[in-house]
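Trainee: The primary structure of each chain is shown beneath.
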Amino acid sequence: MASGDLNLGRIERRSWQMQQQDGLLDSFLGVAIIALGLASMVDGLGGGPAARLITVCGIQFPAALAMWCARRRWTRPLIGVVKFSLPRRRRVRRMQWILGGCVVGTAVLVLLTAWANRARPDLLGSLGAWVPAATSAAVVVVPLGTMATLLNMPRLWLHAALLAVVLSTSVSVANPPIAFFETVLFAGAGLVSLSIGLTLFARFMRSGRRAREALDGDGLARLSGGVE
Amino acid sequence: MTDHTIKACDRSDGGPQSATLGIDRLVHEPARLIIMAHLYVVDSADYVFLMKSTGLTWGNLSSHLNKLEEASYIEVTKDFVDRKPHTMAKLSHKGREAFDAYRQTMRQLFESLP
Chain C
1 MASGDLNLGR
11 IERRSWQMQQ
21 QDGLLDSFLG
31 VAIIALGLAS
41 MVDGLGGGPA
51 ARLITVCGIQ
61 FPAALAMWCA
71 RRRWTRPLIG
81 VVKFSLPRRR
91 RVRRMQWILG
101 GCVVGTAVLV
111 LLTAWANRAR
121 PDLLGSLGAW
131 VPAATSAAVV
141 VVPLGTMATL
151 LNMPRLWLHA
161 ALLAVVLSTS
171 VSVANPPIAF
181 FETVLFAGAG
191 LVSLSIGLTL
201 FARFMRSGRR
211 AREALDGDGL
221 ARLSGGVE
Chain G
1001 MTDHTIKACD
1011 RSDGGPQSAT
1021 LGIDRLVHEP
1031 ARLIIMAHLY
1041 VVDSADYVFL
1051 MKSTGLTWGN
1061 LSSHLNKLEE
1071 ASYIEVTKDF
1081 VDRKPHTMAK
1091 LSHKGREAFD
1101 AYRQTMRQLF
1111 ESLP
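Chains as they are written, first to last, in the working numbering: chain C, 1 to 228; chain G, 1001 to 1114.
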């Protein structure tokens, strides 16, 4: 039996975690980080802010759509459908509010930085070198850490740490040692996240296939149709 | 308490054995216990999820769920998702009460040990 103990809290947590073991979110994060690297390259080639934005959105939105489709088409039928209890749903809602707050906070931070760059260039220069690096890291760690904690997904901390290191490094290194330094950093971190995601996805699909093979032919038909 | 409770008892003086009187056989069976535990912590779940989370085979799960449904411990609803039939199971009020009573009984049973 998969559930060896009868600790109800652990059963609930494991049931929730089962929904997140397909590796699709990790893969999406990997692609999103790579997109940031490519946007930085576009910027380096003289693309400007609009081209940078188009690159990020042009990669991240199709990746999100692909993740949604893959979940619906491949992984959801293998995981099954479960409606969680009210406390869990409240927890998810709380996380959504916090993430919304993080998005608004980041936007305010970007606007303030842009305003300071124009109106008070001396203000940013007077800040310590660690301030932009720490702020960049916080922008990533706070939302991803919130997700990791409230969604019981500890591996999100790894993605958060990777992205935080890359962001703070790219912000704090004034004279990059190589061309497209930022792109290389982001691509490296993105590839690590993507590899984790794809490995989890392959493992998930393999175990799902094994479970399907373990069923008899009739069971397979009934699996999609429920009990007669 | 339901009519599934274990009635065999040779003492009624409040000792450890008398506590077993309250054990509901229907819940006590390990496979059904794990199914009920999973349904207790979520609102409702489909058969695929239960099969995957409990590690039971299709046949086993189906048979235990039928027994639980016969005892009105679970409610089974069938609908169509993407034009395919889809079945969800939910612990009924009676099932939830039975599970709570089972927890209470087992707690009493082990607490009454010297």
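Worth flagging that the hints you see were computed from the coordinates, not collected in a lab. The C-beta atom is built at its ideal place from N, Cα and C for all residues, glycine as well. It is possible that part of the hints are untrue.
[As the list claims (entries may be wrong)] Here are the simulated distance ranges between beta carbons:
| hint | chain 1 | residue 1 | chain 2 | residue 2 | range |
| --- | --- | --- | --- | --- | --- |
| 1 | C | A107 | G | E1029 | 52 to 60 angstroms |
| 2 | G | P1114 | C | S85 | 32 to 40 angstroms |
| 3 | G | K1094 | C | P87 | 37 to 45 angstroms |
| 4 | C | R10 | G | L1113 | 53 to 61 angstroms |
Trainee: The structure should be examined with respect to each hint, and the outcome stated for every one.
Mentor: So, going through the hints one by one against the coordinates:
1. A107/C x E1029/G: 52 to 60 angstroms: For A107/C and E1029/G the Cβ distance comes to about 56 angstroms; the hint holds.
2. P1114/G x S85/C: 32 to 40 angstroms: 37 angstroms, holds
3. K1094/G x P87/C: 37 to 45 angstroms: 22 angstroms, violated
4. R10/C x L1113/G: 53 to 61 angstroms: Given about 24 angstroms between the Cβ atoms, the range is violated.
Going down the numbered hints, you'll see the structure goes against 3, 4, while the others check out.
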